[in-house]
Every structure is written in C-alpha cells, then in structure tokens.
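> Below are the chains, spelled out letter by letter.
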Amino acid sequence: MTGIYLAGAFAISGLLFFNRKKMLNDLLVCLFLLLQISFTVYEYLHLNRTELNYFTADSLAVLLLITLTIISIPAMYHSNIFLSKNKDNPRHRAIYFAATVALLTAISAAYLSNHIAVTWIFVELTTLSASALIYHRRNNRSLEGTWKYVFVCAISITLVFIGILFLSFTLQKAGADDLSFAVLLKKAPELNLFWLRLAFIFIFTGFTAKLGLVPMYTAGIDAKDKAPSPAGALLSSVLMNVGFVAIFRFYAVIANSPVHSWASHVILVAAILSIFVATVYMTKVKNIKRMFAYSSIEHMGIVMLGIVAGGIGYYAAILHVVFHAFVKSSLFFQMGQVYRIYKSKSIYDVGNYFKYNLTGSIVILLAFFSATAMPPSGLFISEFMIFRSLFESNYLAVLVIVMLLLTVIIWAFGKNVFKLLFSPAIDFKEDGIEKINPAESMSQFILLGLVVYLGLNPPQEFVNLIQGAIKNLPH
Amino acid sequence: MTNVLLITFTITLLYLGIAHRLLTYIKILAFQGILLFGIAFIELIQINAVNLAFVLLETVVFKTLAIPLFLNYVMKRNRITRDAEPFLPNFISLIIITVIIITTFILSNAIADSRISKIYFVVALSTLFTGLYIIVTRNKIITHVMGYLVIENGVFILSLAVGNEMPMLVNLGILLDIFASVFLLGIFVNRIGDVLKDVDVDQLRNLKD
Numbered sequence: 001m002t003g004i005y006l007a008g009a010f011a012i013s014g015l016l017f018f019n020r021k022k023m024l025n026d027l028l029v030c031l032f033l034l035l036q037i038s039f040t041v042y043e044y045l046h047l048n049r050t051e052l053n054y055f056t057a058d059s060l061a062v063l064l065l066i067t068l069t070i071i072s073i074p075a076m077y078h079s080n081i082f083l084s085k086n087k088d089n090p091r092h093r094a095i096y097f098a099a100t101v102a103l104l105t106a107i108s109a110a111y112l113s114n115h116i117a118v119t120w121i122f123v124e125l126t127t128l129s130a131s132a133l134i135y136h137r138r139n140n141r142s143l144e145g146t147w148k149y150v151f152v153c154a155i156s157i158t159l160v161f162i163g164i165l166f167l168s169f170t171l172q173k174a175g176a177d178d179l180s181f182a183v184l185l186k187k188a189p190e191l192n193l194f195w196l197r198l199a200f201i202f203i204f205t206g207f208t209a210k211l212g213l214v215p216m217y218t219a220g221i222d223a224k225d226k227a228p229s230p231a232g233a234l235l236s237s238v239l240m241n242v243g244f245v246a247i248f249r250f251y252a253v254i255a256n257s258p259v260h261s262w263a264s265h266v267i268l269v270a271a272i273l274s275i276f277v278a279t280v281y282m283t284k285v286k287n288i289k290r291m292f293a294y295s296s297i298e299h300m301g302i303v304m305l306g307i308v309a310g311g312i313g314y315y316a317a318i319l320h321v322v323f324h325a326f327v328k329s330s331l332f333f334q335m336g337q338v339y340r341i342y343k344s345k346s347i348y349d350v351g352n353y354f355k356y357n358l359t360g361s362i363v364i365l366l367a368f369f370s371a372t373a374m375p376p377s378g379l380f381i382s383e384f385m386i387f388r389s390l391f392e393s394n395y396l397a398v399l400v401i402v403m404l405l406l407t408v409i410i411w412a413f414g415k416n417v418f419k420l421l422f423s424p425a426i427d428f429k430e431d432g433i434e435k436i437n438p439a440e441s442m443s444q445f446i447l448l449g450l451v452v453y454l455g456l457n458p459p460q461e462f463v464n465l466i467q468g469a470i471k472n473l474p475h
Numbered sequence: 001m002t003n004v005l006l007i008t009f010t011i012t013l014l015y016l017g018i019a020h021r022l023l024t025y026i027k028i029l030a031f032q033g034i035l036l037f038g039i040a041f042i043e044l045i046q047i048n049a050v051n052l053a054f055v056l057l058e059t060v061v062f063k064t065l066a067i068p069l070f071l072n073y074v075m076k077r078n079r080i081t082r083d084a085e086p087f088l089p090n091f092i093s094l095i096i097i098t099v100i101i102i103t104t105f106i107l108s109n110a111i112a113d114s115r116i117s118k119i120y121f122v123v124a125l126s127t128l129f130t131g132l133y134i135i136v137t138r139n140k141i142i143t144h145v146m147g148y149l150v151i152e153n154g155v156f157i158l159s160l161a162v163g164n165e166m167p168m169l170v171n172l173g174i175l176l177d178i179f180a181s182v183f184l185l186g187i188f189v190n191r192i193g194d195v196l197k198d199v200d201v202d203q204l205r206n207l208k209d
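Protein chains in written order, with this note's numbering: chain R, 1 to 475; chain U, 1 to 209.
It should be emphasised that the hints constitute simulated quantities derived from the structure, not laboratory data. Please read these numbers as outputs of a predicted model, since none were measured by experiment. Among these hints, one or two may not hold up.
Here are some chain R residues pointing at chain U (derived, C-beta under 10 Å) [claimed, not checked]:
1) Thr127
2) Tyr135
3) Arg141
4) Trp147
5) Lys148
6) Phe151
7) Ala154
8) Thr158
9) Phe166
10) Leu171
11) Asp177
12) Phe181
13) Ile221
14) Arg290
C-beta: ideal position from N, C-alpha, C; glycine also.
Chain R extracted, bound-state conformation (with noise of 0.2 Å):
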C-alpha cells in the first residue's frame, strides 16, 4: 500500500502541475484525498506492518498521518476558496496544488520512515514543495522569505548529514552497517560516545529548523508570515511534527545510551530559549500571522520540555503536538478570512473583528483560548501534564521561569486578539467589504472542538496510539 500511495500521490502531483483546466484540478484534488485518507485507514488497520522495507507503520507514525489527513481536508478547501477570490492564472493554481500534494505526501512518507537516511530524503523533500508554496504570491518579500527559508534548510538538512555520518563511524565499530531506527536501538548502548554526541548536536541542530526551536527557527518564520494562509496552517502544524518525528526518534536512540542526561540538558537549554525568544518577539511583533508562527515556537518549546522532564511527560509531550496541530491550523484558516477583510496582517490596520464577521470572531476568540491552553483546551491537560513532570522531576527553577514566561506571552496574545476583535480600526473604509459565508468557519469549529473532545475524553484508541508511540523509552 505505501508503494501504491506514493507513486499515486506523487503522479496526482504531476499531473496537476501539468493540468490548466479548473474542473480536472479539483476532481485531482478529491482523488488525493480519498487516497491519503484511504492510505491512513489502511496503515492504521496495519500497525506495525513494514512495508518496502523502510516504512513502518508505528503507532507514532499512524497518529501523526491521522493529524496530517484531518489537517490536509479543510486546508483543501480553504486552498480552494483562496485561489479563486485571487482569481490567480492557472498556471500559479497548477504549481500551487501541486506542490500541497507534494508536501502532504513528503511528510506522510517521512512519518513512516524506519531508517533515518529515509526521513533526511522526505525532510529534503518537504522544503523542496514548501518553498513552491511561500512563493506563491511572486513579488519581492515572498522571494525574500522564500530564499531565507531555503538557504536555512539547505544548510540544516546538511548539518543533518554530518550528524548521520558521525553516527554511521561510531555504528560501524559497533559492527553494524545499517542506519534502521531498530538496529540503533538495539546498538545504543554500545556505540562510542564521542560520536553519538556529535551525531546528536548535529542532528538536532540540522531537524530544529523544521521542528521551529532556537536555533535554526528563524526561516519558519518568515516562510508562514508569506505561504498563503492554508499553506501556513500546514507549515505550522504537520510540517513541525515532520521535525518533531525526526528528533524524537532519535531522542528514543539516545534515551537507551550512555549519553541520555546529557542530551536531555541540551534539549532544555534550547528549549528554554525557544520559549524565551517566542516571548520577546510576541511582546514585539506586529504581524498577526508571525504572532502565531511565534506562538508554534512557544509550543514546540513546551513539547521539548515534556520530552526532557521524562515519565508522564513523554504521553504529554506528544498530546501537545497532536493538539498544537489542530489548534494552529485553524488559527491559520481562520487569519485567511481576517486578510480577505481588512487586507492587512498588521495589527494596527484591523479591529472591530466582531462588526464584520461574527462567526469568524467565535472562532478567533475560541482559537485564542485554545492555543494559549486555558481549559476546557485540550492543551491547557497536556501543558499541565508537563508541567507536573518537570515538578516530579526536580526542575522547579525551570518551571518557574516557563510560567512566568507564558504569563507574558498570555498577555502579548490576548492584547492583539482583542485588539483584532473589539477596538475599533482606525481609518477603515466599511463600504465594499467582503462577506463571509460562515459555513467557511465550519471547519475551525470541528479541529477546535476536536481538541477539547480529545482532551477532556479521549477515546481508549488514541491513548492506545500514544502509549505505543512512547515505548521505547526508558520509564
């Protein structure tokens, strides 16, 4: 099945690219999906099959592709309705959804992955459809955020590659010759630590570009402030995982060597960081969507907090992401709308939200109490879960500083959510704005209520998932 997936989805990606006519565009839309949905159905009914011999189906893989399926239907149709308010040529459209599919596909192949030469080809991949996707608009400041974004990745994606040659000297005098995540779990113990900590530092710099921590997360900002609104949903909420995938499986590696606590030190100082500069720029920043692309930084720096606290925080950790990704997407669905009134992403051209679009406000103001994991947010379970791991594990300082950083990020948000939603927008012209069918808020609703359903009663299936996706790690 994931031969047929993959040569399906990446022949529906060219022939789209090839395709001018509107109708054929949207039936090959509609194929794709039923195959990606079909795809996911598939390997969930499989778990833990392997396939082709480098795509396992583990249950981290199969929670995050169900993510990526939920997140790809509404970020469709939104695509949809962006490109023909644009009333783009065809030949933009063409590339457009080409390059979704190519993305969608990329990532769902680098979730699979069991072998991390694997992963890096996807990861590769996905920055080669993303930058298609934050070009879109052609004019200078896309250019510029496309080029930043490509020169960041290529650079990371290379320090990925010196990180895997490192960990091949040090597997090859462990006597294996095979990168497969199975044969460095079973080898972790025994490869020389010199290397396995270079391969680390290497690794987890290259990845963090894609997952947004301190480092290399620069370039993800600029790339969702550009990409179109249904492009930057999908670049900040299933892109991110594709990094988080990648990291984490190679975190499980060197939980089960000698080198654990140190590599959990290394995660926390970039952790804490991330969540440090997300603070500083949300205090700051001006542009609705990098407010939101800063809180994806926020986010990704609580994950890796539950990561290194350990014990109840690894179940949190990945709650986090799966909910981060619902939570996100929808904020970026719903700013679509907001462009297509005011024409503007900055906060001093827009107010008054509720006046002109009353259904879009509900989602805005539901959204806003989503991401910043006030209950009954499912977020608001999980950051608690990982909170009380970092208590039960002794980093109470650490835990203090979060707090009081998150209380300042809170604040930074809901000044310009409500700036958007209640105070009234100075010089704006009434006459001539669009409608909006609230129908198209439809599904922000469902993702957002998904996250409280999940969160306040998750079904014994998905607990099941999780649990499976962790259990490589030592308790």
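Keeping the supplied structure of chain R fixed, place chain U upon it in accordance with the hints.
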C-alpha cells in the same frame, strides 16, 4: 597520495580566504572538484563499478564543470561586480582560517578511534567551518552560495571516509549536492536577479520584527 590531495585541498581553503575576485572563487571551486575526483578515485576503487562511475562522474561533470560554468553564467547574466566585498580585511581572514584549521587539528587528537583516519576529519571539519566563515563575512548573495558549495565539498570528504563500507551514504551526499546546488542556483538565476536590481544581502532585510 590521498594525503597529498587532502593537504592541497586545505591549502585551497587558505587561498579562498585571500581571494579578491569572484572569478578566483569559481576557479578554486573547480579545482576543488578535481581534487575530490582524485580522492574519490583512490578511496573508492573497491566499491562496485557502476557506483564508482556515478561518484566520479558527479565530481568531474557536476562539481568541476557544471557548477563553475553555471556560476559564471549567473554572474554575467546578473551583471554582478567582480569584487567579493568581504567585511574583514583579507589578512584577518587568513588568520581566522588558519586558526580554524589548527583548532580542528587539535580537536581531532581527542578522537581515540583507529578506524577513522584523522586527516579526513580535520580536512572535512575545517572545510565546513571555512564555508560558514565565508557565508558570514561576505556581502553578496552569490558568495553565500559559494560558501555553501564549500561546505558541500567538506561534507563530501567526510562521506568518503566511510565510503567503502557504506557507499549508500556517498550517494546520499551527492543527492544533497545536486538538490541544493540546483535549487539554490535555480532560484538565484531565475528569480533574484530579475526581481532585485542590486544583488546584495542588504536587499533581503525587509522581513523582520
């Protein structure tokens, strides 16, 4: 023989630090391609013939001919001035690159691993950091690309160190090479040159907070 080639490679890094003109940079990159061809040929002679031919073809055709010619074309097309415009004087660059080489040399003594020859490690790491140094201290976008190509060469040397046991990794390195160079240069040629009049990193400072 490999050692001679690797040492020559390190000397090209020093030359890169004091080069003034972009044309010199391009020539150095081409020369590094030839050196890599020699090293790959000697090192990988035992792996199977098809794979070896692929690696050698990549070093000769891609690194030595295609990329330098392409860079030359980009420069002509976008009318990029010939000066490299470093922030720091060349003399200081020379000192810093020397310090990089000496530091990696000392660092390599920390490795207690007999299976990896240290010279590869030293040359690869110093190439890597020299590339990063060039990216940081040069002003033009095209010199950033050149710095990235230098990093790529360093990574290639590192992958040769395990090339005999894991030829797959060498191929992956080549994949990265082709992907990144074609991609970076592709954007450069097609877009940046058309949109921006003066191809300077100062043009790319609009996106910030």
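> State for each hint whether it applies.
Status of each hint after checking the structure:
1. Thr127: 8 Å, holds
2. Tyr135: Holds: closest Cβ of chain U sits about 8 Å from Tyr135 (chain R), inside 10 Å.
3. Arg141: At about 5 Å, which falls below the 10 Å cut-off, the nearest Cβ of chain U leaves the hint on Arg141 (chain R) intact, so it holds.
4. Trp147: Holds. Min distance 6 Å.
5. Lys148: Holds, about 7 Å.
6. Phe151: 7 Å, holds
7. Ala154: 5 Å, holds
8. Thr158: Because about 6 Å separates Thr158 (chain R) from the closest Cβ in chain U, which is inside the 10 Å limit, the hint holds.
9. Phe166: 8 Å, holds
10. Leu171: Check passed: Cβ of Leu171 (chain R) comes within 9 Å of chain U, closer than 10 Å.
11. Asp177: Where the cut-off is 10 Å and the nearest Cβ of chain U is about 6 Å from Asp177 (chain R), the hint holds.
12. Phe181: Hint on Phe181 (chain R): violated, closest Cβ of chain U at ~16 Å, above 10 Å.
13. Ile221: Where the cut-off is 10 Å and the nearest Cβ of chain U is about 8 Å from Ile221 (chain R), the hint holds.
14. Arg290: 6 Å, holds
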